[in-house]
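**Q** Residue strings, one per chain:
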Amino acid sequence: EAGVVQSPRYKIIEKKQPVAFWCNPISGHNTLYWYRQNLGQGPELLIRYENEEAVDDSQLPKDRFSAERLKGVDSTLKIQPAELGDSAVYLCASSRSGTTYNEQFFGPGTRLTVL
Amino acid sequence: SQQGEEDPQALSIQEGENATMNCSYKTSINNLQWYRQNSGRGLVHLILIRSNEREKHSGRLRVTLDTSKKSSSLLITASRAADTASYFCATDVEGTYKYIFGTGTRLKVLA
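Protein chains in written order, with the numbering used here: chain X, 67 to 181; chain A, 490 to 600.
Hints should not be assumed to be uniformly reliable.
[Unchecked claim] Here are the simulated lysine-lysine pairs, BS3-like style, with alpha carbons at most 25 Å apart:
1) X/K137 with A/K515
2) A/K559 with A/K515
3) X/K82 with X/K144
4) A/K587 with A/K545
5) X/K144 with A/K587
6) X/K81 with X/K128
7) X/K137 with X/K81
8) A/K587 with X/K128
9) A/K587 with A/K558
[What the hints assert, rightly or not] Quick look at which bits of chain A chain X covers, simulated, 3 or more residues with Cβ under 8 Å:
10) 530-538
11) 591-597
Just so you know, these hints were derived from the structure itself, not from any lab.
Source: prediction; values computed, not measured.
From the three backbone atoms N, C-alpha and C, an ideal C-beta is built for every residue, glycine too.
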């Protein structure tokens with residue numbers, strides 16, 4: 067089966083510019099996660115979707131970050147405006163259901179550099 | 490914030506040797522998972538151990554879990570150069586569906 071697809075793989079922008087990341091999860095996976103991974107650190111959850119509903123966005127900086135999963139399939143994460151501290155790898159993952167006994171399948175990530 | 494912390498932060502061994510890395514966490518969990526991340530790539534799931542399990546094996550991997558000490562260990566036996574990667578533990582905080590990843594152990598296996 068095809069894995070989690072993310073685009074773009076790399077993005078370089080000036081600070082204060084907007085940026086968007088796209089994720090297409092594995093077919094049939096209802097749960098979708100967005101993580102941010104800073105250099106040398108583990109991933110940190112930004113938001114979790116069950117189908118089209120954001121069930122945990124407590125870690126999402128809502129002043130500048132937004133996300134959507136309109137039809138419960140693919141998802142977009144947006145930052146507007148970007149700040150220097152947003153430079154990181156943004157990972158998307160999916161799993162079959164909302165239980166945590168299912169493994170998460172990760173995409174390759176989008177490496178964001180904010181200048 | 491990171492719940493789990495892996496120890497050591499970095500480990501360098503010779504091919505054929507065993508590699509052991511540890512993970513400590515703070516809250517009660519339903520399960521603990523280990524993931525591997527090769528340089529510049531996404532994470533790959535290795536193994537899941539439930540809170541009522543004490544040990545689990547998968548190929549050359551052996552995972553133990555001690556819920557009384559809130560710790561887990563991952564043993565890779567007969568390591569290979571291809572095992573060079575960062576290894577992360579991830580715990581789901583009991584009562585939530587949130588995974589929290591540790592800070593990772595960077596393993597280097599020398600040929």
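**Q** If a hint holds in the structure, say so; if it does not, say that too.
**A** Now for the hints, and whether the structure bears them out:
Between X/K137 and A/K515 the CA atoms are separated by roughly 36 Å; this puts the pair beyond 25 Å, and the hint is violated. The straight-line distance between the Cα atoms of A/K559 and A/K515 is roughly 7 Å, inside the 25 Å bound, and the hint therefore holds. For the given pair, X/K82 sits about 13 Å from X/K144 by alpha-carbon distance, which is consistent with the 25 Å threshold. Taking the CA atoms of A/K587 and A/K545, the gap is about 23 Å. The hint holds against a cut of 25 Å.
Only pairs whose Cα atoms come within 25 Å are accepted, and X/K144 paired with A/K587 is accepted, the gap being roughly 21 Å. This hinted pair checks out: X/K81 and X/K128 have alpha carbons roughly 17 Å apart, not beyond 25 Å. Note on X/K137 and X/K81: the hinted pairing is violated, with a Cα-Cα distance of about 31 Å set against a maximum of 25 Å. With a C-alpha separation of about 18 Å, the suggested pair A/K587 and X/K128 falls inside the 25 Å cut-off, and the hint holds.
As the CA atoms of A/K587 and A/K558 are separated by approximately 21 Å, the hinted pair is consistent with the 25 Å bound. Counting residues of the stretch 530-538 of chain A whose CB lies closer than 8 Å to any CB of chain X gives 6, so the stated coverage by that chain holds, three being the minimum. For a cut-off of 8 Å, the count of residues in the stretch 591-597 of chain A with a CB near a CB of chain X stands at 3, and the three-residue condition holds.
In terms of the numbered hints stated before, the structure departs from hints 1, 7, listed from lowest to highest.
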